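*Asks:* Taken in sequence, the protein lines are chains V, R and S. Each residue of the first sequence is one higher than the one before, starting from 1 at the first, in the UniProt record's numbering. Each residue of the second sequence is one higher than the one before, starting from 1 at the first, in the UniProt record's numbering. Each residue of the third sequence is one higher than the one before, starting from 1 at the first, in the UniProt record's numbering.
Source of the hints: derived by calculation from the structure; they are not laboratory data. Check the hints yourself; a few may be wrong.
Once the Cα atoms are required to be at most 16 Å apart in a straight line, the calculated EDC-like pairs of lysine to aspartate or glutamate come out as [as the list claims (entries may be wrong)]:
id, chain 1, residue 1, chain 2, residue 2
1, R, Lys493, R, Glu394
2, V, Lys157, R, Asp133
3, V, Lys157, R, Glu93
4, R, Lys236, V, Asp149
5, R, Lys209, R, Asp291
6, S, Lys119, S, Glu83
7, R, Lys493, R, Glu437
8, S, Lys112, S, Asp43
9, R, Lys62, R, Glu88
10, V, Lys41, S, Asp151
11, R, Lys261, R, Asp208
12, R, Lys292, R, Asp208
What the simulated footprint calls covered on chain V by chain S, stretch by stretch (three residues with Cβ under 8 Å from a Cβ of chain S suffice, anywhere in the stretch; the number is not a length) [claimed, not checked]:
id, segment
13, 70–83
14, 182–191
Since we're looking at a predicted model, the values are computed, not measured. Built from N, CA and C at the ideal position, the CB exists for glycine as well.
What follows is each chain in one-letter form.
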Amino acid sequence: MRLAALLMTVLLPSAAAGDFVRLPGQAAFTSILKYTDSDGKVPIAPFELMTTPVTNAQFLAFVVTHPEWRRGTAPSVFAEARYLSHWGGPLSLGAAAEAAQPVTHVSWFAARAYCEANNARLPTWSEWEYAAAADATRADARKDPAWRDRILGWYAKPANVPLARVGQGSPDLHGVHDLHGLVWEWVDDYAAMLVSADNRNQADPDVLTFCGAGALATDDRENYAVLMRIAMLSALEAHNTTGSLGFRCARGASGDVQ
Amino acid sequence: MNAIFPVFTLLLCGMFTLAGCSRGTSAEPPTPGNASAVAGAAADTGGSRKGDFGPPQGEPIKAVLTSPPNVPPPTGRSAPAKVIVELEVIEKELPIAEGTTYTFWTFGGTVPGSFIRVRQGDTVEFHLNNHPDSKMPHNIDLHGVTGPGGGAASSFTAPGHSSQFTFKALNQGLFVYHCATAPVGMHVANGMYGLILVEPPQGLPPVDKEFYVMQGDFYTVGKFREKGFQAFDMQKAIDENATYVLFNGSETALTGDNALKASVGQNVRLYVGNGGPNLVSSFHVIGEIFDKVWYEGGTRYQENVQTTLVPAGGAIIADFHLEVPGSYVLVDHSIFRAFNKGALGILKIDGPENLSIYSGKEVDSVYLGDKAASLASVSTAATSNAAGTLSLEEQVAAGKSLYSGTCSVCHQDNGAGLPGVFPPLAKSDYLATQPKEQIVRVVLNGLSGAVKVNGQDYNSVMPPMSQLRDDEIANILSFVQTSWGNSGERVRKEDVTAVRAATPRAEGAAH
Amino acid sequence: MKRRTLFLIFVALACACTGTLTAADLRAIPGDSVYRFDATLSDQSGTEFHLGERRGRPLLVAMFYTSCRYVCPLIIDSVKGVEHALNETEPAHLRFLLISLDPARDDTAALKSVFDKRKLDAAHWTLARTSESNVRTLAALLGVRYRALADGEFNHTSALVLLDREGRRIASSEALGATPDPKFMAAVRNALEISTK
Numbered sequence: 001m002r003l004a005a006l007l008m009t010v011l012l013p014s015a016a017a018g019d020f021v022r023l024p025g026q027a028a029f030t031s032i033l034k035y036t037d038s039d040g041k042v043p044i045a046p047f048e049l050m051t052t053p054v055t056n057a058q059f060l061a062f063v064v065t066h067p068e069w070r071r072g073t074a075p076s077v078f079a080e081a082r083y084l085s086h087w088g089g090p091l092s093l094g095a096a097a098e099a100a101q102p103v104t105h106v107s108w109f110a111a112r113a114y115c116e117a118n119n120a121r122l123p124t125w126s127e128w129e130y131a132a133a134a135d136a137t138r139a140d141a142r143k144d145p146a147w148r149d150r151i152l153g154w155y156a157k158p159a160n161v162p163l164a165r166v167g168q169g170s171p172d173l174h175g176v177h178d179l180h181g182l183v184w185e186w187v188d189d190y191a192a193m194l195v196s197a198d199n200r201n202q203a204d205p206d207v208l209t210f211c212g213a214g215a216l217a218t219d220d221r222e223n224y225a226v227l228m229r230i231a232m233l234s235a236l237e238a239h240n241t242t243g244s245l246g247f248r249c250a251r252g253a254s255g256d257v258q
Numbered sequence: 001m002n003a004i005f006p007v008f009t010l011l012l013c014g015m016f017t018l019a020g021c022s023r024g025t026s027a028e029p030p031t032p033g034n035a036s037a038v039a040g041a042a043a044d045t046g047g048s049r050k051g052d053f054g055p056p057q058g059e060p061i062k063a064v065l066t067s068p069p070n071v072p073p074p075t076g077r078s079a080p081a082k083v084i085v086e087l088e089v090i091e092k093e094l095p096i097a098e099g100t101t102y103t104f105w106t107f108g109g110t111v112p113g114s115f116i117r118v119r120q121g122d123t124v125e126f127h128l129n130n131h132p133d134s135k136m137p138h139n140i141d142l143h144g145v146t147g148p149g150g151g152a153a154s155s156f157t158a159p160g161h162s163s164q165f166t167f168k169a170l171n172q173g174l175f176v177y178h179c180a181t182a183p184v185g186m187h188v189a190n191g192m193y194g195l196i197l198v199e200p201p202q203g204l205p206p207v208d209k210e211f212y213v214m215q216g217d218f219y220t221v222g223k224f225r226e227k228g229f230q231a232f233d234m235q236k237a238i239d240e241n242a243t244y245v246l247f248n249g250s251e252t253a254l255t256g257d258n259a260l261k262a263s264v265g266q267n268v269r270l271y272v273g274n275g276g277p278n279l280v281s282s283f284h285v286i287g288e289i290f291d292k293v294w295y296e297g298g299t300r301y302q303e304n305v306q307t308t309l310v311p312a313g314g315a316i317i318a319d320f321h322l323e324v325p326g327s328y329v330l331v332d333h334s335i336f337r338a339f340n341k342g343a344l345g346i347l348k349i350d351g352p353e354n355l356s357i358y359s360g361k362e363v364d365s366v367y368l369g370d371k372a373a374s375l376a377s378v379s380t381a382a383t384s385n386a387a388g389t390l391s392l393e394e395q396v397a398a399g400k401s402l403y404s405g406t407c408s409v410c411h412q413d414n415g416a417g418l419p420g421v422f423p424p425l426a427k428s429d430y431l432a433t434q435p436k437e438q439i440v441r442v443v444l445n446g447l448s449g450a451v452k453v454n455g456q457d458y459n460s461v462m463p464p465m466s467q468l469r470d471d472e473i474a475n476i477l478s479f480v481q482t483s484w485g486n487s488g489e490r491v492r493k494e495d496v497t498a499v500r501a502a503t504p505r506a507e508g509a510a511h
Numbered sequence: 001m002k003r004r005t006l007f008l009i010f011v012a013l014a015c016a017c018t019g020t021l022t023a024a025d026l027r028a029i030p031g032d033s034v035y036r037f038d039a040t041l042s043d044q045s046g047t048e049f050h051l052g053e054r055r056g057r058p059l060l061v062a063m064f065y066t067s068c069r070y071v072c073p074l075i076i077d078s079v080k081g082v083e084h085a086l087n088e089t090e091p092a093h094l095r096f097l098l099i100s101l102d103p104a105r106d107d108t109a110a111l112k113s114v115f116d117k118r119k120l121d122a123a124h125w126t127l128a129r130t131s132e133s134n135v136r137t138l139a140a141l142l143g144v145r146y147r148a149l150a151d152g153e154f155n156h157t158s159a160l161v162l163l164d165r166e167g168r169r170i171a172s173s174e175a176l177g178a179t180p181d182p183k184f185m186a187a188v189r190n191a192l193e194i195s196t197k
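So here's chain V without its partners, still in its complex pose:
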């Protein structure tokens, strides 16, 4: 009964799983990661992406129905001690976490479980990178210094001030909000970021370390702003959480998981 009441209050103000929007994809998207195996081009099939990052309220609804993902219950191998540590309790947001703020302090495992429970998945890095290339009028605005400055402006903001609510301001061309300027976001293949830990070593990939083509080379000069996001993801393990790291879900173009 109490749970039901809680669910009502949580679910009513915002859509349970979040709103998805369709992105057309691109046959040969140029990634910042200069994939040597495919000449830096990645095919992006049409897919659907949540218009905003998952909020505290949405994630609360998830842990209400999935007790194994509550703070204190989720095993540490899936979520480190800081998991949802900014919430008031395992089933309450408290004063420090607003319902409409993006949920942070979530592990990759938890983010993945949330998306699965909502018949979706985490986006791949390529999908995320493709979506994030857009601005209000163009699908690929990455050459525009204004696009880059927006990212750098966020980097310059200290992390100890409260996060904004999701969906503020105007969406991009595809109708997606907050890909830049709010939080880092988990991607499904975060572990594919085989970037050398010393980012200055790009000319000298350590071929013995990796099977096959070696560490990914990156084009530092043009795309360092996005590179920072890759550096962040490559610094994390799947059970890690940080106060600036959230996620959103994706799914196939017809609404199916793939």
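Let chain V serve as the given structure and place chains R and S on it in line with the hints.
*Replies:* Positioned in the frame of chain V, the structure of chains R and S alone reads:
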């Protein structure tokens, strides 16, 4: 992080082996007795080949870390030790100038980061802790580390995490450390650098005071001293167009109450680093000559140096003895950086005067060349002013002399100016209609842009005359306002003082 | 005490027979154990097993794929190196599990072929495959990073991961080759001593 680790380990192992081979024969550290011989003569220290003095001895020691401008005490050890360094990365908003803040990324909460002091041959267990509130991952490259990336590959650390790696300090010297996470330039431009001193085995010669100063260039969206929060400007950084060039991360880090302090008779040592990211420093202390400079932070010193280069990502040690009290100004002698971008610090020396070395000002007279006029009236006015008996007549007499020295080149002896270029002061409707404060302001701050005087448009530049004392300006204006058909008010010293106090120092005002 | 032991044995036997783990079984596993992930895998002979069934003995885990020509054979060599470095009694207590990164191509037959070609000992060795989603989760749990390449190859890190008897990661090594990293070997021996007490 995994990527480089095996290689790093292999290399370090290789070095241990090498050191093990040579330890019995020629790896003896220089003893204190021959230290000066080593520094002065051509004998070399052997570098890293002779920097391994064997395994650490005794209990591990926790390194003393200090915030700038403080320096940890000498290690005082004669044997290699295991030294544990705990350095925390904190991202925080701090003042960069008065009324202006910036998001700094710091090692230890300050810019530059905490000073680390170890002894050559020490084994340093380095812990890099990235605060949980950080937004960014960070790492550290210490120029004193022998190994790939200088530790960067082994210390890549996400927010709320710690990394640990260990190195042996094989080379003595003063080394820069900095963050090497992409975009490297941005991390450095945000203040992620500091100094690690690897003392020679015999230590450095003792001194009375040691200070830690580090230069850095900063790039903000707003102009120099624009108030409020200022964001990083990547394009300016790429263009190497610095908004600020600062010592210790703030325009006020080494000025006012924060000035470095020492006394006559003391030996002072400055550990000066340059974090960059872009600019090379021409480091100079106005009024001092460095007795010794360990240039490039290395083993040898040069003597009797006026200005020394500190490369971005490099450091120097400078020693000097203090003879004369007063304020000494630390500058980057690429001098616009000092007076227009903030690269200024003060070293305040107290103690008794030593007039045989420096007399102080003995004569202060205006030299006018062929425009010389009798300056008796000026000194009369100054005396009366001091006595509080200054009359208008004395003011006008003194003002006439000062006018002919300072103003008449442009405004002419007869106050007529040059039509179309320099506005007339004689029978000036401008002087008749503008309030007294505005006229004082023009002298103090200069005037540029369009003005209309006696029906004619002028559009040129008058430089600020703020080098004149308040009573001098009062005298000049009293003279002008009562001459050549003007009938303006007498101007008193207090009027000028009030205006000067109410006027913020103009950007780039002459010094 | 004794009854509890008997009960655990019973549970273990029950699991081995039925091939399922109950929610209660999972909760009995420490929170920092990889065995909290209830994945079903199948071995080189097509037999299905639960990851959690490996609980009770130390386990050396690595990820590889059979069509890999360069580093992956080295991974098997490295694991063999650990096996050979142990004396004759110790291997009885250490199990080796290699999981394919490439379930699309590494079917049971492919695993079997490598298993036979490398003359692996079925008493200690398992080559296994599982779903692509499980591969991603397992890689995350083991700290292995990988990316599928356009030509079907994989970029991947090559860690040997040592799990203690409860499934906790206690050591890992990226040193490849027949001579194991001494530090890693020390951890292996340490784990075995604990487990045999």
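*Asks:* The structure should be examined with respect to each hint, and the outcome stated for every one.
*Replies:* Status of the hints after comparison with the structure:
{"no.": "1", "hint": "R/Lys493 x R/Glu394", "result": "holds, 13 Å"}
{"no.": "2", "hint": "V/Lys157 x R/Asp133", "result": "holds, 12 Å"}
{"no.": "3", "hint": "V/Lys157 x R/Glu93", "result": "holds, 9 Å"}
{"no.": "4", "hint": "R/Lys236 x V/Asp149", "result": "holds, 12 Å"}
{"no.": "5", "hint": "R/Lys209 x R/Asp291", "result": "holds, 15 Å"}
{"no.": "6", "hint": "S/Lys119 x S/Glu83", "result": "holds, 13 Å"}
{"no.": "7", "hint": "R/Lys493 x R/Glu437", "result": "holds, 12 Å"}
{"no.": "8", "hint": "S/Lys112 x S/Asp43", "result": "holds, 8 Å"}
{"no.": "9", "hint": "R/Lys62 x R/Glu88", "result": "holds, 14 Å"}
{"no.": "10", "hint": "V/Lys41 x S/Asp151", "result": "holds, 13 Å"}
{"no.": "11", "hint": "R/Lys261 x R/Asp208", "result": "holds, 11 Å"}
{"no.": "12", "hint": "R/Lys292 x R/Asp208", "result": "holds, 15 Å"}
{"no.": "13", "hint": "70–83", "result": "holds (count 4)"}
{"no.": "14", "hint": "182–191", "result": "holds (count 3)"}
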